[in-house]
Every structure is written in C-alpha cells, then in structure tokens.
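*Asks:* For the protein sequence lines, the chains are A and B, in the order given.
Note that the first sequence covers residues 263 to 577 in the working numbering.
Note that the second sequence covers residues 39 to 378 in the working numbering.
No lab work stands behind these hints, which were simulated from the structure alone.
For every residue, glycine included, the Cβ atom is placed at its ideal position computed from N, Cα and C.
Any given hint might turn out to be false.
[To be verified] Ranges between beta-carbon positions, derived for each pair:
| hint | chain 1 | residue 1 | chain 2 | residue 2 | range |
| --- | --- | --- | --- | --- | --- |
| 1 | B | GLY227 | A | GLY397 | 21 to 31 Å |
| 2 | A | TYR541 | B | ALA191 | 27 to 37 Å |
| 3 | A | GLY478 | B | GLY132 | 56 to 66 Å |
[Claimed, not checked] In silico negatives: residues of chain A with every beta carbon more than 10 Å from chain B:
| hint | residue |
| --- | --- |
| 4 | SER293 |
| 5 | PRO414 |
| 6 | ASP438 |
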Amino acid sequence: MIDPNAVDVALPRKEYEGEAARPAQSYWNESWERLRSNPVGMGAGVVVLLMVAIALAAPLLSTYVTHHNPYSIDLSATFSMPSKAHWLGSDEAGRDTLTRLIYGAQVTLTVAFLAVAVSLVVGGTVGLVAGFYGGLVDNVLMRFVDVLLSIPAIYLLILLTILQPKIGPIVLSTSDPRSLAVIIAVVGWGGLSRLVRGEVLSVKNRDFMLAARSIGASDLRLISRHLLPNVLAVMIVAASLNVGAVIITESILDFIGLGIQPPTASWGNMLTNAQTYFYHSIWLVLLPGALIFITVLAMNVFGNALRDAFDPRLK
Amino acid sequence: MLAKYILRRVLASIPTFFGVTLVSYFLIWVTAGDIVPGVEINPYIKKEDIDRIRHNLGLDQPFWIQYLNWLGLPNLAAQLHLISGDWPKGILEGEFGRSLIDGSPVITHILDRLPNTLELTITAILLGVLIAIPLGVAGALRRGSKIDHALTALSVAGVAVPSFWLALMLILLFSVQFEQWHLPWLPSGGAYSAYQGGDFLDRVLHLIMPAIVLSFGYLAIWSRFGRSSMLEVLSQDYVRTARAKGMSERRVVYLHALRNALIPLVTLVGLELPSLVSGGAVVEIVFGWPGIGRFALDRAFGHDYTAVMGIVTFAALLVIAGNLLADILYAFLDPRIRYT
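Just chain A, with the same shape it has in the complex:
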C-alpha cells in the first residue's frame, strides 16, 4: 500500500504529474474502479442503498404510500389477508404489516450501522494504540480483549440487556435502538481491534513511518495521518462484513425479547410470536425473516466485493 502523505513528504508531487504516462491514480481511485467493474458487488451495494433509502423515507412512505401508522391498532381487521387496504396483510392487532416492515428497517439499520460505527471507533483506536506502542500498553489492551472474547457473546448480550447498565446519566435501556447499538458494540469491538493491531504491526516498521518519524512527526500525527490511512481499507472491509453479523445478532435479541421492545417494530420482534401465526398467517413469518436474509446477504456480498476491490490478491 502507498501512503499518500509519506509521498508528499518525500517527493514533491507537482514535478511528477506532467511526466506520468497516465494520470496518477490513488489507491482509493483504483479500488473504486475495481469495485465498479464487479457487477454482483455493485448490485448488492444497490440493494443495501435501497434498504437505507426505504428506512430513511419511512415516515413519507407510511403517509403517502401505505396510508397506515405502524402503531395504529384496528381490532376489526386482525390477521387480514393481503388486500388493497393492507398490501401485505395485518398482524394480531390489525397493524399494517408493510408499514411495520418499513419502520422495522429503520430500527434494524440504525442499530446495525451505529453498532458497527461505535465498534469501529473503539476497536480501531484500541488496535492502533496497542499496535503502535507495543510493549506493556499492547499487552494490557490485548489481554483485556482476550478476556472480552472469552465470554460467549450471546451470554454477555443477555447479561447486558437484562441489567441495562447506567453510564453516568445514560441508561442503556434496550427499548432504544441507540442503546442497543452501544450494547452490541461494547460486546463486539474485540475482534476488530485484534485485526487492526495485526495490520498496524505489519505497517509500522515500513520506511515511510521511519521517514515521517525522522522529520519529527508526533505520535498522534504518526497514528492518525500515516498509520490510519493504511489500515483504513482493512477496517472498512471488516466493518461492512460486520454489519450483516450485527443485523443477525440484533434480530436474535429482538426475537427472544431482550432487544427492541414492542410496540416499536423491528424485523426481529415481529417474529417473536411467529409460532402462533403458523396456522393462519404464514406471511407474517416469511416476510421479516426474508428481509433480514436479503439485507444480510446483500451486505455480505458487498463486503466481499469491497475486500476484492481493496486487495485483489485475496481473491
């Protein structure tokens, strides 16, 4: 990988540009070209964007398209079949399934992207610091990660969701998607920090690091301007592959009743009572699960495409 900043320091770029046979392409540009030429990966990316767009437009869609409120109960129309009034039928309280699925996308994607963002920041920072400083700092941080990864995630999640820990004035209550995201991130950042640390170890002794250090760059500058850009690709790939895993984790927690609580709709908690729908409303079981499946699948395929684009050797 080429460090653009190091090149900046070592070789004034101005003199080079005129002489190159083709315009100099940055690492990111090249990766984007490779990603663009991967139709499956781009397709998956479009599906993900579509889901995000639907989630963002949930209030608009419910007002102008489905004409239902996700919480409005209609006991005269429970378990109605798909019809003109309810395009995808209604549930046990007569709530419109399509509207609830759209709002569920909002909840699920909020949790997924937020949890991944938080674990990127925490895991990335820990990995960068541990890898850069090495020695005692590295030892202490990585032993802590060992401890964290030794506790099976599902039990740690059960523990945290029933305890609803307080951090100062903030209560991590699972009725709020943002809190649930933080809980999932707290449990899940360990693997990412290990990955980033490993990547840092392989980069930190390269010449450009020595060059930057020898002209007197501070530790903070070395980490943020020289190390980070080099491990960013790995972080982005890991993060995009993590989104799918978080969506599944979140839907499991919602499903068993520890995550997002009804009446707030999420794809997971719409399946909580699925076993009681088996004899009359199969679509209530099929739809949320199918959406989870499609979203996770698209996310994973896109993540794989990203990995191939950033590092074609791995393909």
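Fit chain B to the given chain A structure using the hints.
*Replies:* Then chain B, alone, in the frame of chain A:
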C-alpha cells in the same frame, strides 16, 4: 518442546480466567450490586428485613470482599488454616454462585443441562464436518463448474440466514405442514416427549431439526474453507510428484491431497470447541431445548443475576479451555508449527 509449549499456554490462560471473573462480577456489581430482585419493591417487607436479607446474601460488603467470596478464596484460605472464620464456598471449589431464586448452587443446574447441550452441539458439529468435507472436495475438484458455483452460492446464502428464522421455517414445514398433510411430522420443541417419551427414537426425532439448523451455519463456513484448502493443496509440489509417479487420480486426491487439506480444517473445527457449550444457545431457545442456553435465558428473565453470572463464567472457562485445546491440537497435528 511440546510440553513446554503446553505449560506456557496453560499459564497464560490463568490471568484470562481471572479477568473474565472480574469483568463479569464487576458488571453485575456496578449495575445491580445491592439489589435483591422482587424484595425491594414489595411494600409488605420492612426496611430492617430488607437489610437483613442483604446482609445474609453478603450484599452489604465492599466490592472486593464480595468478589473474593464469590471466587471462594477466603474459604480456601480458611481450609488451609491461613485465616479463621466461616466463608462461603465459591467458584474455585466449583460452586459458581448460588441462584437468587432457589438458593441452590448454580453448578448443579448447569450439570443438569450440560448433557442435553452437548448432545445437540456435538451432533451438529459431526453433521457439519461429515457433510462439509465432501462438499468442499467436490467444489475443489470441479472448480468453476455448475456444482462449484451452486455450492458457493449456497454457502454465501447459508451465512446470511438467521438461524432462528431457519428454525421457524423448518418447524413450519416439518411440524405444521407435515401434520396437515397427514405425513409423519417432527416434534417442534424440547429434547424428548413429556408423555411416554425419552427412549432413543424419541430423542433422535427431537434432535433432527435443532441439529440441522445448528449444523447449517457450520456447513456454510467449513465447506467453503475445505474447498480453498483443497485447492491450495492440489497445487502443491508433492501432489504433482504423486501424479508424475503415475498414481491414480483417486489415490492422489484421497491419499495425498485430502489428508493435508484436512489439517487447517481441523483447527477450524477445533476453534468450535468452545462453542460446544454456548454455540447452540439461540437454537436451544427457539426449540425449547432444555440446555444451558435456554436455562440462561429463563433465569435472565427471572432476574436471577447470580445464576446468569455463574453460567457466563462457566461458559467463559470452557471457551478458554477450548482455545487451549485447539492450540495444542494444532501444534500436535502439524509439526511445522514453531512453538513460540
């Protein structure tokens, strides 16, 4: 050399274990440290009585005393006549705390349910290995064929299916629809029939769906991994040598290539050793399988913090032991690995 490596790995995992106990105890203490669930909100219990209950449970003591008691260090010391006094039994003596609901040692509950959990996870892992290896080999031998592409697609999809939804789908098909179609249907939950059940056939029938769901996740990963491992081995020099000697393709593939391709797969399966106890938790919950995962969830809903904490610690202990075992197994199988 190997003995030294093993010893070092064992010693290195001891601090991890204490770290796990400290973290999980601290979590409980900081969030629910002095709470006796159900008692504090009961208007018919006097303040003095609440204080007495808290005192009896040792909840009025400082964090360090509580933690050491929970570990059982003072009791150990007292038995060695280092200190005097009556101290509670703890984790180090295999107690894993006492349930807040029924006051019994958590370990008795865990051991009650451990056989059921192991029955499920071991079956699933075996099933996964037995199906994944042939699929992986088939994909590698016919690289780029329709079969290969289908298998790849299947494994990509397999990772993306939420296991609980797959479980629901199987129940819908094999329990609900099969019954409506008057076909022999599978039981949708539990490990055996409550009424006149419990014989071998009954248990197998109950095991089929949970084991399939659990093994599906393994299958998706392992078949993919087996394929790439096999591909890598097939391009090695010794495979070419074997072919050059005029060996039949069958012998080359199954005698030379497969055996070497299995080494990394063994580690991968070895890495699943820790999940023997916790890996099936979600499947247990969906199928009402009377294992440790189901128990943990039930007690979590009952606010039996000490029980959940005991299970967390027990599971973490097994994860550490499993990782240790996987490392040793790998070093044992592949002498190329340097013991550093």
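*Asks:* For each hint, tell me whether it holds in the structure or not.
*Replies:* Outcome of the hint check:
no., hint, verdict
1, B:GLY227 with A:GLY397: 21 to 31 Å, "53 Å, violated"
2, A:TYR541 with B:ALA191: 27 to 37 Å, "33 Å, holds"
3, A:GLY478 with B:GLY132: 56 to 66 Å, "58 Å, holds"
4, SER293, "22 Å, holds"
5, PRO414, "4 Å, violated"
6, ASP438, "17 Å, holds"
When the structure is compared with the earlier hints, violations turn up for hints 1 and 5 and for no others.
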